[in-house]
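For the sequence shown, the residue numbers in numbering that gives the first Met the number 0 are 0 to 154.
Keep in mind the hints are simulated off the structure, nothing from the lab. Incorrect hints may have been included.
[As the list claims (entries may be wrong)] What follows is a list of derived Cβ distance ranges for each label pair:
#	residue 1	residue 2	range
1	W136	A18	43 to 51 Å
2	E103	A24	33 to 41 Å
3	T116	W136	16 to 24 Å
4	L102	T76	36 to 44 Å
5	D131	D17	13 to 21 Å
The C-beta atom is built at its ideal place from N, Cα and C for all residues, glycine as well.
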Amino acid sequence: MKATTLTLRGESAHRFADAFVDEKADESRRSLNKRGVRNIHRYEGTDVTQIAYERASAHLDSWLLVSLLLEPVDEETATLVVMLGGGGEGPFKLDEVTLKRVLEGEEAVGATGRLATVLKDVRAVCELLDLDVETEWESDADAGLAEKFVAEIFE
0 MKATTLTLRG ESAHRFADAF VDEKADESRR SLNKRGVRNI HRYEGTDVTQ
50 IAYERASAHL DSWLLVSLLL EPVDEETATL VVMLGGGGEG PFKLDEVTLK
100 RVLEGEEAVG ATGRLATVLK DVRAVCELLD LDVETEWESD ADAGLAEKFV
150 AEIFE
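Put together the whole structure using the sequences plus the hints.
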């Protein structure tokens, strides 16, 4: 599982959940093979909004669960926690980016992967809403797992 915590600042911070759900619904409708996004759910709690959906791997029959928790801090600030997991395939249950790191090296992948793709989507919606985004915390990158995998299996 990967996770990150972001702080969103701007007059439209309270509109992030609506805009993100709308963008994911549009993406689901535009998907040619219906593999991009499915099962978008939204829960409005007293102090937090949760958005959850599944995102398909482009190359594998594998679905990734994405969960966003949005908590308002004040009228122009919100905390957003992005968590994702699943999507592992093959005998070692590796996601496609980790496997590519193992086989081709970090330089073949760079700043891509499951979390980077979801964060790119989050930042695109924030840009539309003219929100400033600050990363407060992010879990370790897949590169660490790839290095451990290579060391334990191939050495």
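Outcome of the hint check:
| no. | hint | in the structure |
| --- | --- | --- |
| 1 | W136 <-> A18: 43 to 51 Å | 23 Å, violated |
| 2 | E103 <-> A24: 33 to 41 Å | 35 Å, holds |
| 3 | T116 <-> W136: 16 to 24 Å | 19 Å, holds |
| 4 | L102 <-> T76: 36 to 44 Å | 42 Å, holds |
| 5 | D131 <-> D17: 13 to 21 Å | 19 Å, holds |
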